[in-house]
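Student: What follows is each chain in one-letter form.
There are 2 protein chains.
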Amino acid sequence: MSNAENTESIFTQGDKAPADYFMGNAWIKKLVASDPVFNTQIGNVVFEPGARNNWHTHPGGQILIITDGTGYYQEKGKAAQIIRKGDVITIAPDVVHWHGATANSSMTHIAVNTNTQKGIVDWLEPVTDDQYKSIQ
Amino acid sequence: MSNAENTESIFTQGDKAPADYFMGNAWIKKLVASDPVFNTQIGNVVFEPGARNNWHTHPGGQILIITDGTGYYQEKGKAAQIIRKGDVITIAPDVVHWHGATANSSMTHIAVNTNTQKGIVDWLEPVTDDQYKSIQ
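Protein chains in written order, with the working numbering: chain A, 1 to 136; chain B, 1 to 136.
Honestly, I wouldn't trust all of these hints.
All copies of an identical chain are treated as equivalent in the list; a pair is satisfied when it fits inside any one copy or across any two copies.
As the list claims (entries may be wrong) - In silico lysine-lysine, DSS-like type, Cα no more than 25 Å apart, as pairs:
#1 16 x 85
#2 85 x 133
#3 16 x 133
#4 29 x 85
#5 78 x 133
#6 118 x 29
#7 85 x 30
#8 76 x 133
#9 76 x 118
Think of the hints as simulated: they come from the structure by calculation, not from any bench.
Only chain A is shown next, with the shape it has when bound in the complex (with noise of 0.2 Å):
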């Protein structure tokens, strides 16, 4: 079977995220709200190069699902990692992340929010130039 798949991105681009926890440019396509049937929140984000989000947790976890471009995901005291398209991130409750795009690629996510009956996301501080200049 064919390994291709159209070129269109799957969703819309969607709303700014919000600079209060993001830096640079990043879009916020909102695809599940939160319910007590599924307890789950579900949204597209993309971050243009260079874009992160703040330091934050989740309370009930969070799942990213990668699916374009190349971007980090940190764990606070643990080395920035380099994600990918296909990779699948998994965030355990209460544990200080924060995710983002390299200096030179876009990076796009799926991110599922878990057991959202315990909350959705608690945010933290920015991470800082010094910081995200550190691990290029």
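Once you have looked at the hints, place chain B on chain A.
Tutor: Structure of chain B alone, referenced to chain A:
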């Protein structure tokens, strides 16, 4: 920004879907196993043209994210609906349904099984050729 993604599939093909629960050729790539931390199981499913799964239910619900192609989703007692790349389908717990490709197109979706502490899937009877052809 560009609306183009590269043309490689996001995931590798995975394993042939079990013939006991699928008609035709479908392929399942497991992405996240169920565990008591996330209560979520995720897999990518590629349905070749004409392929579909049996009628079934999910005790904890399911969310389908269509990432490529065109297919069908049908709930028992309702008309089949066309599903396309970019669509998101939420399936409440215990709703009898099936999904698959159309006769002339493949269809790929990410399947997010939610609340897996309640169970994942209960398989029922196949979608017969007569049922399937009646929606062409």
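Student: Each hint should be assessed against the structure and marked as holding or not.
Tutor: Hints and how they fare:
| no. | hint | verdict |
| --- | --- | --- |
| 1 | 16 x 85 | both (22 Å within a copy, 22 Å between copies) |
| 2 | 85 x 133 | within (22 Å within a copy, 36 Å between copies) |
| 3 | 16 x 133 | within (23 Å within a copy, 44 Å between copies) |
| 4 | 29 x 85 | both (18 Å within a copy, 15 Å between copies) |
| 5 | 78 x 133 | within (16 Å within a copy, 54 Å between copies) |
| 6 | 118 x 29 | within (22 Å within a copy, 29 Å between copies) |
| 7 | 85 x 30 | both (20 Å within a copy, 16 Å between copies) |
| 8 | 76 x 133 | within (16 Å within a copy, 54 Å between copies) |
| 9 | 76 x 118 | within (22 Å within a copy, 33 Å between copies) |
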